[in-house]
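**Q** This is what each chain is made of:
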Amino acid sequence: MRTVARKIADWIGRLGEVWVEGQVAQLSRRGGAATVFLTLRDPAADLSVPVTCHRDVAERPGLELSEGSRVIVRARPDYYVARGSFSLRATEIRAVGLGELLARIERIRQLLAAEGLFDAVRKRPLPFAPAVVGVITGRDSAAERDVLVTARRRWPAVRFEMFNCAVQGPQAAANVIDGLRRLDANPAVEVIVIARGGGSVEDLLPFSDEGLVRAIAATRTPVVTAVGHETDTTLVDHVADVRAATPTDAAHRIVPEIGEQRRLVEGLRGRARHLLTARLEQQERWLESVRTRPVLASPDRLLHGRADDVLALRTRARRTLVHRVEGAERDLEHARARVAALSPAATLERGYAVVQRADGALVRDPAEVADGELLRVRVAGGRLPVRVDRGATSEPIALEDPA
Amino acid sequence: MTNTPDAEPTTTYEQAREELADVVRRLEAGGLTREESLALWERGEELAKLCQHWLDRARERLAAAAPADGADQD
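Top to bottom, those sequences are chains A and B.
The numbering of the first sequence is our numbering, which starts it at 501 and goes up by one.
The numbering of the second sequence is our numbering, which starts it at 149 and goes up by one.
The hints are simulated quantities; they were obtained by calculation from the structure and are not laboratory data.
Certain hints may be false.
Away from chain B, derived, C-beta distances all over 12 Å, residues of chain A [unchecked claim]: (1) 542; (2) 653; (3) 686; (4) 769; (5) 795; (6) 887.
Okay, the calculated bits of chain B under chain A, using three or more residues with CB under 8 Å as the criterion [stated by the list, open to error]: (7) 172 to 178; (8) 181 to 193; (9) 200 to 211.
Just a few of them, taken from the derived set where beta-carbon distance is under 10 Å, the chain A residues facing chain B [said to hold, decoys possible]: (10) 505; (11) 506; (12) 507; (13) 508; (14) 721; (15) 780; (16) 783; (17) 784; (18) 786; (19) 787; (20) 790; (21) 793; (22) 794; (23) 884.
Quick reminder that beta carbons are idealized off the backbone N, C-alpha and C, glycines included.
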């Protein structure tokens, strides 16, 4: 047993000096003890290592060692044979300076920015009036009160799903990540607020934790951050969907103001009603104008015109008819006169006679007729049948006008 | 045209209005037979009533929709 323990101690003792960086998770200084014990946590991974050192190392002037502080330690791995325990034996402890902390945050910021975690396209819109708001804050903190009171005043119907946890110190980042996962898993939660009041750069350090930044980027629920004062910028502010300047400002971002909304709705309602009424009135005027148009208002006019037409046509027809009848009468008169002029009656009247043979042919030469032939003689008074008798020839009748 | 008395007309206001405007235009243009113009006029009357019906309905709905301006209810 002691051989093994000594061999392990020898082997570990040969490892030599290293520089490590971590956060002081636990610190125990006993009264007059010469050795100070502390536990050093890795800033990212969940592991810690016990560190021992002489009181002079821990209490060096200018070094303010407390739980939560970031330190760089020069140490030698050490195996304490009497207890079989491993530790780092520190020979020098340096606090990580402010400038160095900020430079480190800046490096992480650049890394995450290069990955696109802060891109504007990743920002999700906040719900308009969420029913349930998840809130991650320190218990009974001013930040908590500011968010709750302001949000309730603006939108009384809002409900909160609270997650209270440490918001500074070595556990803060892990706590906030835990809260974020729980609230994100709750389907009722529509938006998550991470709020914390102002503090020193060291106090706000957990809010620049790379793991927390990635956890915010991974949520399905939109996240609003309100960490520190307006001038403090932590990395969570870059990754958040909305960065509020203060917890009160966060309350303004997550819920609308009820009175303002009511006025807005009233205004819109009034405008809609006004527009609709105006449009309706315009339509009514149009309809009225159409209905009073002569063609629609007095349909008898459609027929009036027709009656006039009929009358005119009738008159025209009558006139035409009279005209034609008169023309016909005139024609008849002319014909009659011509007939009268051409008639042989007048000649007969003067004593001439027309002699015709039985077939109606006019006799123009005595040689045309045979003796004893029956002829018809027409005189003014009428017809007279005669028979030719050549034996009774006497002196020829003078063909002169007998008158 | 289907003439279902008192039933909800299937012609929309816009359709009726457009047709009415057309009827008036044709009547005013003239050149129609007596029978044609009478039939057109009857159609015009029918359409005008339809338009009126829609406008009256719209007014009723507007009046029924909400209290007049200023009535702040909560």
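**Q** So, for every hint listed, does it hold in this structure?
**A** Evaluated hints:
Against the 12 Å criterion, residue 542(A) stays outside the reach of chain B, whose nearest CB is about 57 Å from its own CB. No Cβ of chain B approaches the Cβ of residue 653(A) within 12 Å, the least distance being about 17 Å, so the stated non-interface status holds. No Cβ of chain B comes within 12 Å of the Cβ of residue 686(A); the nearest lies about 31 Å off, and the non-interface call holds. With 12 Å as the threshold on Cβ separation, the claim that residue 769(A) sits away from chain B is violated: the shortest Cβ distance comes to roughly 7 Å.
Distance check on residue 795(A): its Cβ comes as close as 4 Å (rounded) to a Cβ of chain B, failing to clear the 12 Å threshold; non-interface status is violated. Distance check on residue 887(A): its Cβ is at least 79 Å (rounded) from any Cβ of chain B, clearing the 12 Å threshold; non-interface status holds. Only residues whose beta carbon comes within less than 8 Å of a beta carbon in chain A count, and the region 172 to 178 of chain B has 3; three or more means the coverage holds. Counting residues of the region 181 to 193 of chain B whose CB lies closer than 8 Å to any CB of chain A gives 6, which reaches the minimum of 3, so the coverage claim holds.
As drawn, the region 200 to 211 of chain B meets chain A at 5 residues by the rule of a beta-carbon pair under 8 Å; at three or more, the given contact holds. At a threshold of 10 Å, the smallest CB-CB gap from residue 505(A) to chain B is about 81 Å, leaving the interface hint violated. Below 10 Å, beta-carbon pairs count as interface contacts, and residue 506(A) has none with chain B, the closest being about 85 Å; its hint is therefore violated. For the restraint placing residue 507(A) at the interface with chain B, the shortest Cβ-Cβ distance is roughly 84 Å, beyond the 10 Å limit, so the hint is violated.
Given hint, residue 508(A) at the interface with chain B, is violated; its Cβ is 79 Å from that chain's nearest Cβ, farther than 10 Å. Taken as an interface hint, residue 721(A) does not check out: its beta carbon lies about 31 Å from the nearest beta carbon of chain B, beyond 10 Å. Checking residue 780(A) against chain B: minimum C-beta separation of about 5 Å stays under 10 Å; hint holds. Interface restraint check: residue 783(A) against chain B, minimum CB-CB distance 6 Å, threshold 10 Å, status holds.
Residue-level restraint check for residue 784(A) holds (minimum Cβ-Cβ distance to chain B is 5 Å; threshold 10 Å). Hint status for residue 786(A) relative to chain B: holds, with the closest Cβ pair at about 8 Å, below 10 Å. Satisfaction of the interface hint for residue 787(A) is found here, the shortest Cβ-Cβ separation to chain B being roughly 5 Å, below the 10 Å cut-off. Given hint, residue 790(A) at the interface with chain B, holds; its Cβ is 6 Å from that chain's nearest Cβ, closer than 10 Å.
The criterion of a C-beta within 10 Å of any C-beta in chain B is met by residue 793(A), whose closest approach is roughly 6 Å, and the hint holds. A cut of 10 Å between beta carbons decides the hint on residue 794(A): the least distance to chain B is about 8 Å, and the hint holds. Restraint check, residue 884(A) versus chain B: the minimum CB separation of about 72 Å is more than 10 Å; hint violated.
Hints 4, 5, 10, 11, 12, 13, 14 and 23 from the list above are not met by this structure, while the remaining hints are.
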